[in-house]
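Visitor: Residues per chain, in single letters:
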Amino acid sequence: KAGVTQTPRYLIKTRGQQVTLSCSPISGHRSVSWYQQTPGQGLQFLFEYFSETQRNKGNFPGRFSGRQFSNSRSEMNVSTLELGDSALYLCASSSTTGLETQYFGPGTRLLVL
Amino acid sequence: DQQVKQNSPSLSVQEGRISILNCDYTNSMFDYFLWYKKYPAEGPTFLISISSIKDKNEDGRFTVFLNKSAKHLSLHIVPSQPGDSAVYFCAARYNYGQNFVFGPGTRLSVLP
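Chains as they are written, first to last, in this note's numbering: chain D, 771 to 883; chain Y, 18 to 129.
Same shape as in the complex, but just chain D (with noise of 0.2 Å):
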């Protein structure tokens, strides 16, 4: 079975500009979260999608936003984008939306210059 993707994997922006960023579930998994990784904070999550709906959401302010597709692919937006948006930008899928066991994509890293 094929890992979960994301794409692109390097992404290099400017301040105002925004950014849409791509994820692809492993198959049959329905359920995708998001999350930013920063240096000394961990993966802050985003938000998690089931089935086309919003499941649960993070603590970040509405400039960040997704949504999913009826093929479980999933994409991220991020507007007007700042400085500290800078990070590596994770996926994970998961069979239900209990996230048992989370599979991660290898991540997607912006700059924002």
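Worth flagging that the hints you see were computed from the coordinates, not collected in a lab.
Treat the hints loosely; a few may be bogus.
Stated by the list, open to error - Computed list of lysine-lysine pairs in DSSO-like fashion (alpha-carbon distance at most 27 Å, straight line):
# : chain 1 : residue 1 : chain 2 : residue 2
1 : Y       : 88        : Y       : 22
2 : Y       : 88        : Y       : 71
3 : Y       : 85        : Y       : 73
4 : Y       : 88        : D       : 827
5 : Y       : 22        : D       : 827
6 : Y       : 71        : Y       : 22
Assemble chain Y onto chain D, guided by the hints.
Guide: Just chain Y now, with coordinates in the frame of chain D:
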């Protein structure tokens, strides 16, 4: 306020010895815990989990211990191997269906 803490940012251990990674949490409602390992340029990989109804779970060289009264869990790796060198994250969740809260990670270096 970090609900899951890993107070040691880094740890060095000699090959063949035991590695002990610690994790403390503040929310007594947490009932399920995971450990992940992360290599550079890769996503975290699931290692082992433990439910709050247990105090120990073992999988090969990896054992996780849970002390609910102390709100503390630890991951033991025996024997440690150079390939275990990675960043280790613990994560906790307080209810089925809720998101996991991750600690900041501990970088383990296993020296040959």
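Visitor: Could you run down the list of hints and mark each one as holding or not?
Guide: Here is what the structure says about each hint:
Among the hinted pairs, residue 88 (chain Y) with residue 22 (chain Y) is consistent with the structure: their alpha-carbon atoms are about 11 Å apart, no more than 27 Å. At roughly 13 Å between alpha-carbon atoms, residue 88 (chain Y) and residue 71 (chain Y) fall within 27 Å of each other, so this suggested pair holds. For the given pair, residue 85 (chain Y) sits about 11 Å from residue 73 (chain Y) by alpha-carbon distance, which is consistent with the 27 Å threshold. As the CA atoms of residue 88 (chain Y) and residue 827 (chain D) are separated by approximately 25 Å, the hinted pair is consistent with the 27 Å bound.
A C-alpha spacing of about 21 Å is found between residue 22 (chain Y) and residue 827 (chain D), which places the hinted pair at or below 27 Å, so the restraint holds. A distance of roughly 21 Å separates the Cα atoms of residue 71 (chain Y) and residue 22 (chain Y); the hinted pair therefore holds under the 27 Å criterion.
Every hint, counting from the list given before, is met by this structure.
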